[in-house]
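Enquirer: First to last, the protein sequences are chains A and B.
Each residue of the first sequence is one higher than the one before, starting from 226 at the first, in the working numbering.
Each residue of the second sequence is one higher than the one before, starting from 226 at the first, in the working numbering.
It should be emphasised that the hints constitute simulated quantities derived from the structure, not laboratory data.
Even for Gly, the Cβ is constructed at its ideal location relative to N, Cα and C.
Keep in mind that the hints are not guaranteed to be accurate.
Unchecked claim - Per label pair, the in silico range of CB-to-CB distance:
no., chain 1, residue 1, chain 2, residue 2, range
1, A, 364, B, 250, 40 to 46 Å
2, B, 294, A, 341, 23 to 29 Å
3, A, 344, B, 257, 36 to 42 Å
4, A, 269, B, 360, 43 to 49 Å
5, A, 238, B, 253, 40 to 46 Å
6, B, 268, A, 249, 43 to 49 Å
7, B, 290, A, 238, 31 to 37 Å
8, A, 231, B, 326, 34 to 40 Å
Unchecked claim - Under the rule of at most 25 Å between Cα atoms (straight-line distance), these lysine to any residue pairs were calculated in the SDA-like manner:
no., chain 1, residue 1, chain 2, residue 2
9, B, 238, B, 249
10, A, 259, A, 316
11, B, 257, A, 242
12, B, 259, A, 327
13, A, 238, A, 253
14, B, 259, A, 344
15, B, 259, A, 362
16, B, 257, A, 290
17, B, 257, B, 293
18, A, 257, B, 268
19, A, 242, A, 326
20, B, 259, A, 326
21, B, 259, A, 290
22, A, 259, B, 257
23, A, 259, B, 238
24, B, 259, A, 289
Protein chains: 2
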Amino acid sequence: MPPRDSCHDAVVKALIKDGWIVTHDPYTVDWKGKTLFIDLGAERMIAAERGSVRIAVEIKCFIGPSPVADFEQALGQFGLYDGVLSVVDPDRVVYLAVPDDVVSELFLEVFRELIVDQRLARVISVDLDREEIVRWIPSSPTPI
Amino acid sequence: MPPRDSCHDAVVKALIKDGWIVTHDPYTVDWKGKTLFIDLGAERMIAAERGSVRIAVEIKCFIGPSPVADFEQALGQFGLYDGVLSVVDPDRVVYLAVPDDVVSELFLEVFRELIVDQRLARVISVDLDREEIVRWIPSSPTPI
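Just chain A, same shape as in the assembly (with noise of 0.2 Å):
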């Protein structure tokens, strides 16, 4: 199993503070005699008759010496992760969680153009000191 990131702790509270409940620590997925390693799996009810959302998440703390590596290797992994589940678990929907001084200066300022118009990704962006769900990108899949 591949080394957990830094901030996987954060990003686990701050779902639960966000009513979500972490089924998977990791999800896996077996794909033609490969498994992949998401690094969490998570659901959330929604109204009774509709039953609940569910996702993968996959958590980026951008430690790496080249922030720009970082992200080329959190969009290759969303779009594989992406790619995969959307044969094998269509209603499980992908996210990468990241710190929000990253998704502010690279997803939302450098790269804006390939994550909100193009959407390479979605993104939950994370105040790892208070634990906390910042914005997701685009917006959450649990109705208001």
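Following the hints, put chain B in place on chain A, whose structure we already have.
Expert: Chain B only, in chain A's frame:
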């Protein structure tokens, strides 16, 4: 500048053998204060009245210990470069150049749905020993 991948020269020779002129090695893109290095820029003349076709090629040799990790990195680089070039140089088409055995086993077998159906990356499959292009996925950008 990042280190060259070990199959760099074979890919260059294969492109030249296929009628391409390598115009940039590397092809650099300035983007909001950051410089992106894509391995090659190349162009090929088509019928005189239609000018030339231009491509940017990221060379991925798949020499790491984990083919899936290399695949993720390749997907991420493709997504980043394709996303940025669609804004700054929309007529230049981005490709990954990959050894043909890796294309056969990984891109067209294990992750076929992602590459062929979902089109998460464009790929040039290169026979490194013969220094020849085997196929373009999807088809070649130069009309017959």
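Enquirer: All the hints need checking, so say for each whether the structure fits it.
Expert: Now the hints, each set against the structure:
1. 364(A) <-> 250(B): 40 to 46 Å: holds, 43 Å
2. 294(B) <-> 341(A): 23 to 29 Å: Once the Cβ atoms are compared, 28 Å apart, the range 23 to 29 Å for residue 341(A) and residue 294(B) holds.
3. 344(A) <-> 257(B): 36 to 42 Å: The hinted range 36 to 42 Å is violated for residue 344(A) and residue 257(B), with Cβ atoms some 19 Å apart.
4. 269(A) <-> 360(B): 43 to 49 Å: At 45 Å between Cβs, range holds.
5. 238(A) <-> 253(B): 40 to 46 Å: holds, 42 Å
6. 268(B) <-> 249(A): 43 to 49 Å: Holds - the Cβ-Cβ distance for residue 268(B) and residue 249(A), about 48 Å, lies within 43 to 49 Å.
7. 290(B) <-> 238(A): 31 to 37 Å: Roughly 33 Å apart at Cβ, these two residues keep to the hinted range, so it holds.
8. 231(A) <-> 326(B): 34 to 40 Å: Given a distance of about 36 Å, which is inside 34 to 40 Å, the answer is holds.
9. 238(B) <-> 249(B): holds, 14 Å
10. 259(A) <-> 316(A): With a Cα-Cα distance of about 21 Å, the restraint between residue 259(A) and residue 316(A) holds, given a limit of 25 Å.
11. 257(B) <-> 242(A): violated, 36 Å
12. 259(B) <-> 327(A): Distance ~15 Å between residue 259(B) and residue 327(A) Cα, so the pair holds.
13. 238(A) <-> 253(A): holds, 20 Å
14. 259(B) <-> 344(A): Holds, because 21 Å separates the two Cα atoms, which is no more than 25 Å.
15. 259(B) <-> 362(A): This hinted pair holds, its Cα atoms lying about 23 Å apart.
16. 257(B) <-> 290(A): Distance ~19 Å between residue 257(B) and residue 290(A) Cα, so the pair holds.
17. 257(B) <-> 293(B): The given pair, whose Cα atoms are some 31 Å apart, is violated under the 25 Å limit.
18. 257(A) <-> 268(B): Violated, because 37 Å separates the two Cα atoms, which is more than 25 Å.
19. 242(A) <-> 326(A): holds, 20 Å
20. 259(B) <-> 326(A): holds, 18 Å
21. 259(B) <-> 290(A): Satisfied, since the Cα-Cα distance of roughly 14 Å is no more than 25 Å.
22. 259(A) <-> 257(B): violated, 38 Å
23. 259(A) <-> 238(B): violated, 34 Å
24. 259(B) <-> 289(A): holds, 16 Å
Hints 3, 11, 17, 18, 22 and 23, counting from the list given before, are not met by this structure.
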